[in-house]
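> Quick mapping for you: the protein sequence lines, in order, are chains B and A. First residue of the first sequence: 713, per our numbering; consecutive thereafter. First residue of the second sequence: 2, per our numbering; consecutive thereafter.
Some clues are possibly wrong.
As the list claims (entries may be wrong) - The calculated PhoX-like cross-link candidates involving lysine-lysine, where the alpha carbons are at most 20 Å apart (straight line), are:
id : chain 1 : residue 1 : chain 2 : residue 2
1  : A       : K136      : B       : K789
2  : B       : K732      : B       : K789
3  : B       : K793      : A       : K136
4  : A       : K139      : B       : K793
5  : B       : K732      : A       : K136
6  : A       : K27       : A       : K11
7  : A       : K22       : B       : K793
Since the hints were derived computationally from the structure, they do not count as laboratory data.
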Amino acid sequence: MKPGIRGIAVNTFRESARNKMFYLLVFFGILFALSSKLVSFLTLGDAMKVLKDTGLAAINFFCVLIAIFTGINLVYKEIEKKTVFNILSKPVSRDEFIAGKFLGLALTMLTALGAMAVIFFAFVAVSGGGFDLGILLYFVMLYLELLVIVAISLLFSSFTTPILSFIFTVSLYLIGHVMWTYNEFKDYLAIPLWRAFTQGLYYLLPNLHKFNIKNEVVLGMAIDPWSVLFSVLYALAYVLAVLALTVLIFRRREFQ
Amino acid sequence: MKALEIKGLKKSFRSNFLIRKYNILKGIDLDVEKGEIYGFLGPNGAGKTTTIKCIMGLLSPDAGEVQVDGRPADTAAARQRIGFLPENPYFYDYLTAREFLLFSASLFNIPEKEARDKVAALIHRVGLSGHEDLKLRKFSKGMIQRLGVAQALVNDPDLLILDEPFSGLDPVGRKDLRLLILALREQGKTVFFSSHILQDMELMVDRVGIILDGTIRRQGKLSELVARSTQYVEVVCDRIDRRELARIHPDSTVRDNQFILTLASDADVNLVVESIIHNGGRILAVNPVKMTLEDIFFSEMTGGANGIPTSRSNGTGAPPDPATPGGKP
Ligand SMILES: Nc1ncnc2c1ncn2[C@@H]1O[C@H](COP(=O)(O)OP(=O)(O)O)[C@@H](O)[C@H]1O
Ligand SMILES: [Mg+2]
Numbered sequence: 713m714k715p716g717i718r719g720i721a722v723n724t725f726r727e728s729a730r731n732k733m734f735y736l737l738v739f740f741g742i743l744f745a746l747s748s749k750l751v752s753f754l755t756l757g758d759a760m761k762v763l764k765d766t767g768l769a770a771i772n773f774f775c776v777l778i779a780i781f782t783g784i785n786l787v788y789k790e791i792e793k794k795t796v797f798n799i800l801s802k803p804v805s806r807d808e809f810i811a812g813k814f815l816g817l818a819l820t821m822l823t824a825l826g827a828m829a830v831i832f833f834a835f836v837a838v839s840g841g842g843f844d845l846g847i848l849l850y851f852v853m854l855y856l857e858l859l860v861i862v863a864i865s866l867l868f869s870s871f872t873t874p875i876l877s878f879i880f881t882v883s884l885y886l887i888g889h890v891m892w893t894y895n896e897f898k899d900y901l902a903i904p905l906w907r908a909f910t911q912g913l914y915y916l917l918p919n920l921h922k923f924n925i926k927n928e929v930v931l932g933m934a935i936d937p938w939s940v941l942f943s944v945l946y947a948l949a950y951v952l953a954v955l956a957l958t959v960l961i962f963r964r965r966e967f968q
Numbered sequence: 002m003k004a005l006e007i008k009g010l011k012k013s014f015r016s017n018f019l020i021r022k023y024n025i026l027k028g029i030d031l032d033v034e035k036g037e038i039y040g041f042l043g044p045n046g047a048g049k050t051t052t053i054k055c056i057m058g059l060l061s062p063d064a065g066e067v068q069v070d071g072r073p074a075d076t077a078a079a080r081q082r083i084g085f086l087p088e089n090p091y092f093y094d095y096l097t098a099r100e101f102l103l104f105s106a107s108l109f110n111i112p113e114k115e116a117r118d119k120v121a122a123l124i125h126r127v128g129l130s131g132h133e134d135l136k137l138r139k140f141s142k143g144m145i146q147r148l149g150v151a152q153a154l155v156n157d158p159d160l161l162i163l164d165e166p167f168s169g170l171d172p173v174g175r176k177d178l179r180l181l182i183l184a185l186r187e188q189g190k191t192v193f194f195s196s197h198i199l200q201d202m203e204l205m206v207d208r209v210g211i212i213l214d215g216t217i218r219r220q221g222k223l224s225e226l227v228a229r230s231t232q233y234v235e236v237v238c239d240r241i242d243r244r245e246l247a248r249i250h251p252d253s254t255v256r257d258n259q260f261i262l263t264l265a266s267d268a269d270v271n272l273v274v275e276s277i278i279h280n281g282g283r284i285l286a287v288n289p290v291k292m293t294l295e296d297i298f299f300s301e302m303t304g305g306a307n308g309i310p311t312s313r314s315n316g317t318g319a320p321p322d323p324a325t326p327g328g329k330p
């Protein structure tokens, strides 16, 4: 990797890693994941299932929160505080800048998720759950989803304010999770043009539901390796497409 | 080949929902020779920063071209040889000075090992020794400015482009920076810096370009600009009656019981002096006064009435209107 891209990535990671907010969110993620033990006492049924179910949901929530907040802020702040002048006046192309930022964010998310995952694994083990390969797979899939979210928030933050980026990214996140219902009702769409339009949107918007395999993992159901492979490829393609769009926008940007 | 050459650079900004167009740069032409210190002088809002941003590719010009060392400036190869200090720089406040300089070095693709030695030397060179591991949020404005100069030198550039490098520096800092820039010229480097403060320029630049309202009004060697500029002659005398003096020369002022007569450069000074002596006066001094950069600057600012010094620190008031020198270069 070019030292420039690596430098930007490391610096981006360093920025998150020296931010108190980051630790707070990781801490809360862990706290809530561990408090799933409490929930499992209070509810009926298989305690281990409840523990996994609640714990994974907590980790998911806080990781998505971290992804959105770091993603929408980092590029915007570089532009707002004009630190970007320092980077782009050096032999670093705008493409490399975006690549470095994305890699730094990916590293940040790996650290956040990694910390929560390790603690959660240990927690499940001492609670008598043993090592569960399914949970590992769940975290891998969650990481892919986080990469997509980070890429999307990076896209928005390269041309608009954090508030708008936040609204857009959260909207896309929510849409991404209910999109699968589209297949249920698309047959009721009578007007062909409308159908074609929504079909187009369906392929354009991020199908994040694909990455959520919590039910399968918690209930111990079989996971189709082909669908996992498809999700990996889907995430990579989606991230690359969003980054390409970001670069196209960012190349034309002026810095005043 | 020029170190930096700008031809016909134009830039406008649109605002008010793209309705109004403001022409900020109206065709900038300037050139910087290799190995010289070039002062880019102009009042606030003249377009210095806009020009510099166009050089660095942070803004894309509407028209014109910028060449560095005979090549287009907007390439990575060109930027590899340039050191740049932005106006009012801000750096990541969560980094230490050393971390920030190492980061800057990485952007020039300098290998880490080599960068470490360079950074240590640079910290010393800009006078930040002892602060290398301090977080930048604890840096004063002057220290940030010094750090900014250090990061501009991290790639050992041929050309330095500094936007208002003296702002935020105390007298010691200004002197240090002046010596540093002079030392860089000794090393054969080219320094292009902007300022709205004349003293920064007068002490060290080889050539100046005066920018006003988006156009270059004058460019040339400082010594030539000043020499070509009109002189006037001051005659200081005392022990003479004021009315007597008024007959000899109408334009005089009084200070500390001394009279100061201001004569055009081509006036017959001998005749005036003889008349004063003849009337019992005592000649204390006869001073030829050259225009300073400040005078040239103000004459440009007040609408190109070339050659009239409008403000003199010694308070002699305006001299008679002398012959105006030739047109702009
Ligand atoms: N983004 C912008 N939109 C509109 N006008 C701008 C913008 N940036 C700068 N200007 C105007 O351009 C002029 C030149 O600004 P600048 O280049 O910063 O001047 P200088 O550096 O010489 O003080 C100023 O009048 C400023 O108000
Ligand atoms: Mg400026």
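> Is it true that the CA of K732 (chain B) sits at most 20 Å from the CA of K789 (chain B)?
holds, 17 Å
> Would the hint linking K732 (chain B) and K136 (chain A) be met if the CA-CA limit is 20 Å?
Measuring from Cα to Cα gives roughly 16 Å; hence the hint holds.
> Could you grab the alpha-carbon distance between K139 (chain A) and K793 (chain B) and see if it respects the 20 Å cut-off?
holds, 17 Å
> For a C-alpha distance cap of 20 Å, please report whether K27 (chain A) and K11 (chain A) respect it.
Given that 20 Å is the threshold and the Cα spacing comes to 5 Å, the pair holds.
> Between K136 (chain A) and K789 (chain B), is the straight-line Cα distance small enough, at 20 Å or below?
With a Cα-Cα distance of about 18 Å, the restraint between K136 (chain A) and K789 (chain B) holds, given a limit of 20 Å.
> Taking only the CA atoms, is the gap from K793 (chain B) to K136 (chain A) under or equal to 20 Å?
holds, 17 Å
> Going straight from one Cα to the other, do K22 (chain A) and K793 (chain B) come out at no more than 20 Å?
With a Cα-Cα distance of about 26 Å, the restraint between K22 (chain A) and K793 (chain B) is violated, given a limit of 20 Å.
When the structure is compared with the earlier hints, a violation turns up for hint 7 alone.
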